[in-house]
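Student: Sequence:
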Amino acid sequence: MLMNLKYKIVLLALICSTSVSAKDVLVGYVFEDLNANGVMDAGEKGIGGILVSNQEDIVVTDISGKYEISTKKNQYIYVIKPANYAFSTNVDNNWNFYVNVAQTNRTHNFGLTSKEVTSNFSTLMVGDPQMRGEKPINAFKEDIVTEMMHYDVDFACFLGDIADNDLSIYEQEKDIVKQLPYPTFHLFGNHDINESSMSAHDASDIFKESYGPDYYSFNEGDVHFIALNNVLYNGWNKTNNKRGNYFGGLTDRQFNWLKSDLEYVSKDKLIVIMSHIPFLQEYCYPQEIQRLFLLLEGRPHLLALSGHLHYIENYFFDKDTSWNSVNPFQNITIGAACGGWWTGPMDERRLPVATSVDGSPNGYYKLDFEGNKYKYSFIPANHRADFQMRITASSKVLHYGKLHNEYLSINVFTATSDAAVKVIIDGRGEQMATNYTGKDLFIRNTYDQRYNFDNWQPEIQETKHLWKVSLPHDLSLGSHRIKVVATDIDGNEYVGYKIIEIK
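Under mature numbering (1 follows the signal peptide of the UniProt record, and there is no 0), read the sequence shown as residues -22 to -1, 1 to 481, first letter to last.
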């Protein structure tokens, strides 16, 4: 009798264990979707060796394409796309690469379509649309997305701060962005936080309902893209009943996922780290930067892309920024789609000119990849594509015979601070301009017009992409032609012109 009772208890425990286990896993297949309908039809076979993740663990499909992965702590399951496959797109023109477990019956199949691997491809990177209300949404549609349609790229990524704290705009943003002729991805930013959440883990819940997982990776060509959520929110401030604070970094769970992810990436691949906040000590916890950089320092091909700052910075991490490897690691903070928070004055379209707080135009970046190499270009909104610098005289009126203290300030929007900038006046001779850190003269001279839709005026920020050259003291009365040629460390050449008048 006692043995029989023990047997029943053990059997009951096994049944309960199996039942709980079934509730805590997602099973299914990654298959070749021959007709691209998203359904595993008869005759469509599973694909072995594909990575599937729950934002913590990574499993590999077996030879039949089957996977089984825990869902105990994670709501979103996704496939890490190999370079030789593509996803179909959903109604929002995004890849069908993930599933919300709550919307399944504990089984889900992921379809992939085979494609030829190409080493050459292009993408657009867009920072900080930061929208609240109809006027910024309309400006984003007209000034940014409509112009993005002109570019033949493989996909585009928005690097966070989609909203300006009003998360109800997500559906409007998706309705606009899905008109683009290529897929898009979205990263989580500090203005995308669900303010009432109690932790960093929950802060992105509303964002994920609209855009899917808040960190993930995929492969294209010889490039491994990693989208991170590096906004650590401390939770709603119960004491003062207000929004809590945040700072930059990764949760332990995300960091552990990243370590696992990189184990599947060979060292000959270019790794592109995409995040909202730049990994600098002004914006991220030092220990977070250090553990990320230790993880990456053995990698010879690296690039970091970020937003957040509403101005452009282009530099290489070094010992002063906690990067101790000899391998070059470039970071491009790509500016903001909204520039200086959609500040005026208004143009003839009744849209804000939205000049950024470093004097650069609002806009976005295009990246062209060839193997594990990359080239980049800044695309200014509502300007010619070759509008890459602005030349400003030190005084609004330049007086004949009184030029001893006058100079030209040159803002080369996307140049590294070690760029060579030469100035040619009236086609004769060359002068090398000197790099300096300061506030852009153009935006200082027009600051009284820089108010946004909320009648708020952002502060001008100092920038390192400024150059200065003294004007010759003996310039004659009348007009003079200025030509500036800037060449940066990446081999990019930018040319700008200006006519000045001596009175």
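If you are wondering where the hints come from, they were derived from the structure by calculation, not from laboratory data. Among the hints, erroneous ones may be present.
Said to hold, decoys possible - Pairs of lysine to any residue, SDA-like flavour, derived with a Cα cap of 25 Å:
(1) LYS247 to ASP130
(2) LYS186 to ASP35
(3) LYS156 to ILE184
(4) LYS344 to ALA363
(5) LYS237 to PRO323
(6) LYS374 to ASP452
(7) LYS353 to THR124
(8) LYS446 to ILE477
(9) LYS119 to ILE184
(10) LYS417 to GLY456
(11) LYS442 to GLU291
(12) LYS113 to ASN172
(13) LYS481 to GLU440
(14) LYS351 to ARG459
(15) LYS237 to SER174
(16) LYS93 to VAL38
(17) LYS237 to PHE294
(18) LYS344 to LYS1
(19) LYS400 to TYR429
(20) LYS481 to ARG459
(21) LYS476 to PRO323
(22) LYS1 to VAL79
(23) LYS113 to TYR343
Student: LYS353 and THR124 were given as a pair; does the straight-line alpha-carbon distance stay at or below 25 Å?
Tutor: holds, 24 Å
Student: Keeping to a limit of 25 Å between CA atoms, is the pair of LYS344 and ALA363 held or broken?
Tutor: It holds: about 11 Å lies between the C-alpha atoms, which stays within 25 Å.
Student: When you check the alpha-carbon spacing of LYS446 and ILE477, does it fall within 25 Å?
Tutor: Holds, because 16 Å separates the two Cα atoms, which is no more than 25 Å.
Student: Hinted pair, alpha-carbon criterion (25 Å max): LYS481, ARG459. Please report holds or violated.
Tutor: holds, 15 Å
Student: What's the verdict on LYS93 and VAL38, does the C-alpha distance respect the 25 Å limit or exceed it?
Tutor: Status holds; Cα separation ~20 Å.
Student: Does the structure keep LYS481 and GLU440 at a Cα separation of 25 Å or less?
Tutor: With Cα atoms ~31 Å apart, LYS481 and GLU440 exceed 25 Å; violated.
Student: Given the hinted pair LYS237 and PHE294, is their Cα-Cα distance within 25 Å?
Tutor: Distance ~23 Å between LYS237 and PHE294 Cα, so the pair holds.
Student: Need the status of pair LYS1, VAL79: alpha-carbon distance at most 25 Å?
Tutor: At roughly 11 Å apart (the allowed maximum being 25 Å), VAL79 and LYS1 satisfy the hint.
Student: Quickly compare the C-alpha distance for LYS156 and ILE184 to 25 Å and report which way the hint goes.
Tutor: Holds, at roughly 19 Å.
Student: Need the status of pair LYS113, TYR343: alpha-carbon distance at most 25 Å?
Tutor: OK: LYS113 and TYR343 at ~24 Å, within 25 Å.
Student: Below or equal to 25 Å on CA atoms is what counts here, so check LYS247 against ASP130.
Tutor: holds, 24 Å
Student: So if I understand the rule, the pair passes when the alpha-carbon distance is 25 Å or less; does LYS113 with ASN172 pass?
Tutor: holds, 22 Å
The structure fails to meet hints 5, 10, 13, 14, 15, 18 and 19 from the earlier list, while all remaining hints are met.
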